[in-house]
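With these hints in hand, go ahead and build the complete structure from the sequences.
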Amino acid sequence: MPQPDAAPMIEVRNLQKSYGDFAVLRNVSFSVARGEKIVILGPSGSGKSTLIRCFNRIEPHDAGEIVIDGERIDQTTELTRLRCTVGMVFQNYNLFPHLSVLENCALPPRVVKKAGREAAEDLAMNFLHRVNIADQARKYPIQLSGGQQQRVAIARALCMQPSVMLFDEPTAALDPEAVSGVADIMASLSADGMTTLCVTHEMGFARRIADRIIFMDQGRILESAPPEDFFTRPRTDRARDFLSQMIRY
Amino acid sequence: MPGPLSVRTFLWVCLMLGLLAAPGARAQAPSFAAGGLTVCTNPTLPPMTFVNGTDSSDLAGVDIDVSRRLGAYWHVPVSFVSMDFVGLFPSLEAGRCGMVISGVVRQPAREVKFDAVPYQPTSLVVVARAGTAPIAAMADLSGKVLAVQSGTSYAARVAQENVALAAAGRPPIEIQQYPTEDQVVQQVLIGRAFAFVSQDVELAFRQTQLNGKVSVIFQPDYPEFRNFAIYIRKDARDRAALAGAIAALRDSGQMTPILQRWRIIPGGGAQESTARAASGFNWRTFASALVSPAFARGAAITLAMAVLSHLTAIGLAVPMAMVMNGRDGLLKSAIRAYVALFRAAPTLLQLLFVWNALPQFLPVFREAWFTPFLAAWISLSINEAAYQVEINRAALQAIDPGQALAGDALGMTRMQVYRHVIFPQALRIALPSTINEFISLIKTTSLASVISLQELLAVTQINVARTFEFTEYYAAALIYYLLIVFFFLWVQKRIERRFAWADRLKATSHAAA
Ligand SMILES: Nc1ncnc2c1ncn2[C@@H]1O[C@H](COP(=O)(O)OP(=O)(O)O)[C@@H](O)[C@H]1O
Ligand SMILES: [Mg+2]
Chain A
31 MPQPDAAPMI EVRNLQKSYG DFAVLRNVSF SVARGEKIVI LGPSGSGKST
81 LIRCFNRIEP HDAGEIVIDG ERIDQTTELT RLRCTVGMVF QNYNLFPHLS
131 VLENCALPPR VVKKAGREAA EDLAMNFLHR VNIADQARKY PIQLSGGQQQ
181 RVAIARALCM QPSVMLFDEP TAALDPEAVS GVADIMASLS ADGMTTLCVT
231 HEMGFARRIA DRIIFMDQGR ILESAPPEDF FTRPRTDRAR DFLSQMIRY
Chain B
49 MPGPLSVRTF LWVCLMLGLL AAPGARAQAP SFAAGGLTVC TNPTLPPMTF
99 VNGTDSSDLA GVDIDVSRRL GAYWHVPVSF VSMDFVGLFP SLEAGRCGMV
149 ISGVVRQPAR EVKFDAVPYQ PTSLVVVARA GTAPIAAMAD LSGKVLAVQS
199 GTSYAARVAQ ENVALAAAGR PPIEIQQYPT EDQVVQQVLI GRAFAFVSQD
249 VELAFRQTQL NGKVSVIFQP DYPEFRNFAI YIRKDARDRA ALAGAIAALR
299 DSGQMTPILQ RWRIIPGGGA QESTARAASG FNWRTFASAL VSPAFARGAA
349 ITLAMAVLSH LTAIGLAVPM AMVMNGRDGL LKSAIRAYVA LFRAAPTLLQ
399 LLFVWNALPQ FLPVFREAWF TPFLAAWISL SINEAAYQVE INRAALQAID
449 PGQALAGDAL GMTRMQVYRH VIFPQALRIA LPSTINEFIS LIKTTSLASV
499 ISLQELLAVT QINVARTFEF TEYYAAALIY YLLIVFFFLW VQKRIERRFA
549 WADRLKATSH AAA
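Top line first, the protein sequences correspond to chains A and B.
Going letter by letter, the first sequence gives residues 31 to 279 in my numbering.
Going letter by letter, the second sequence gives residues 49 to 561 in my numbering.
The hints are simulated quantities; they were obtained by calculation from the structure and are not laboratory data.
None of the values given here were measured: they were computed from a predicted structure.
Do not rely on the hints blindly, as some may be mistaken.
[As the list claims (entries may be wrong)] Cut-off 27 angstroms, straight-line C-alpha distance, at most; resulting in silico cross-link-like pairs (BS3-like, lysine-lysine):
#, chain 1, residue 1, chain 2, residue 2
1, A, 169, B, 554
2, A, 169, B, 541
3, B, 554, B, 541
4, B, 161, B, 282
5, A, 169, A, 143
6, B, 261, B, 192
[As the list claims (entries may be wrong)] Cβ pair distances, simulated, as ranges:
#, chain 1, residue 1, chain 2, residue 2, range
7, B, 408, A, 49, 49 to 57 angstroms
8, A, 149, B, 339, 28 to 36 angstroms
9, A, 221, B, 541, 47 to 55 angstroms
10, A, 73, B, 393, 53 to 61 angstroms
11, A, 266, B, 552, 44 to 52 angstroms
12, A, 106, B, 385, 33 to 41 angstroms
13, A, 49, B, 385, 26 to 34 angstroms
14, B, 463, A, 146, 15 to 23 angstroms
15, B, 463, A, 149, 36 to 44 angstroms
[To be verified] So these bits of chain B aren't anywhere near chain A, every CB distance computed over 10 angstroms:
#, residue
16, 129
17, 218
18, 239
19, 287
20, 295
21, 300
22, 335
23, 359
24, 380
25, 395
26, 457
27, 487
28, 534
Note that the Cβ used here is the ideal one computed from N, Cα and C, for glycine as well.
Put into structure tokens, the structure is as follows:
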């Protein structure tokens, strides 16, 4: 397990968010150490996606505090800079279909960081190698399998050279065989010391990559524990119910 | 230019002497001709007003000569604006021209809104194919098809006959209206209409073109069709001045050479060049029309108008479509109202509104900078944008919201997301309907002839009116339209090649290439 730095990478205090009358996040507080891998579990609708979307401010929060790498996230935050620090990968990859794999990865550094075309493409090729898909660089997303597309999406996010990566169910749309490829990449990111927060429903996957499991239900964090503890000795009834349902799958 | 210089100089001298002799009757220009006489005419009615050559800006005929004499009489320069018949009176009302002279008969109904000053006697004639037996009364046309020019008062007059026929329990005269006089005549030549209604002076001129293919079968004595008149905006003093000027031209003998020149009265010089309608397809006419500067210019105007209007429409429609896909608000309701209004109103009406009604609210639009081209460009752009908004909105809506989300998460600004992520994908979806719209816009530009834009179809009709070789000129226009449309279909194919990414098979062959 990596040694956490003194200052946490992410600090969340009393985070609240509602859609109209419906409270999605209720007083969520936790912190994430530098290099730590957090897996967020919880039933559907418990607010997991909303929580991680607050970190790159794709969803603005209503109350409470988020501090990332020492900076408070609020309406004055410069979004471009924040999103260069915090990368995100989606369940449906969301690759740009009109761009080749290489262009998908090179476009963001070019337009956001104003990198030159050549520098951006070098960077892109570098990360495509990292996710083992450099040989597909000239193809269009439609020509790739789901697992390949998700690896490209990871490479694209990495091209912005973020300090934190957010994954929202990155394997939910994949075949079981493809899941392990994505898991390998996430494990290798861990080795590089990337701070990651990952929402998933894959228990094996969670167990493999997590330093710590956060279990959410109805907008609250009910448990926060190392995976061995969480999976073998869940402390709440809700977590026990959740795990028993998961295992039945 | 009418007449040799010496004749004009002579007339000038006469005029000056006349003025000296009668100091009370000074030829001061009436208010509608102050600073210059602008004349609206529809040059498709020889020998009154038409184009006597391939240059469609070179007008000729009785009306043109009379206008020039009036200008000389008042010492003001004369300029002509040619347009579709339907546009004449709205233009006069809007102050786009000082007077309308276009072989229009004097008509009490028109005098409610305008002042009319007669300048040439005429008479209505009913004309059928040569060899048709004459009829004894208009009632004999009961149940037959009669072709008339739309926008003229003939249709209304014939409708009165139908009231009488209905009272007598007889079938009505079936009235068919066509936009130009030559098309009216064609209906009789091809046998669709039994007869057409025209004026005797015009028919006399047409006979030479038609090789005697038609003949007068009846001459109804409608008192309200006895004179051609010049129309001006209502003003008793202007009307008196115009009537005085016409009388002065007649008294000084200036009308006679005009009428002789155009063979309305015998004498004078030979008929000026008038092509005769040959039987069969005249390949030489067709070929020379095809390469004539007039047709090339008309096609260029059509093309430029369609391209400029559509580009402007797209420029207007893209931001509007973005608003339409956003949150509800005042702006969105306003755009919705705009789209409904401009899709509901006929394009022709919008053109006439921009050209003729706008100057009544805002006099700046009466000035010379507001050309027919500009007016057509503005109205066609605004009209087309109303259709294009819907195409663009649907295309933007078809893009997965996850695309914008991914762009946001990568730190792109809203504009960067649109520019690099959404627009390139929306273009693929919008392209086929946009090209369809464009192709129909190319054809819609022909409506702009009502506001005097000399586009391809206007040029065609002016040439048909002159020569009656309609098949040849229509064929030449068709070639131009086909070339333009096929060019853009080819452009569409070229652009679509760049959308291989959307199709797995094509993407593969594209990558392999
Ligand atoms: N834009 C929205 N408007 C209203 N309700 C929303 C919106 N997004 C999410 N929700 C609701 O918030 C709750 C939490 O959603 P989400 O964070 O996506 O849950 P999870 O990812 O844990 O399944 C769900 O009940 C969902 O219906
Ligand atoms: Mg979710």
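Query - Unmet hints by their number, sorted upward, for this structure - result: Per hint list: 8, 15 and 26 violated.
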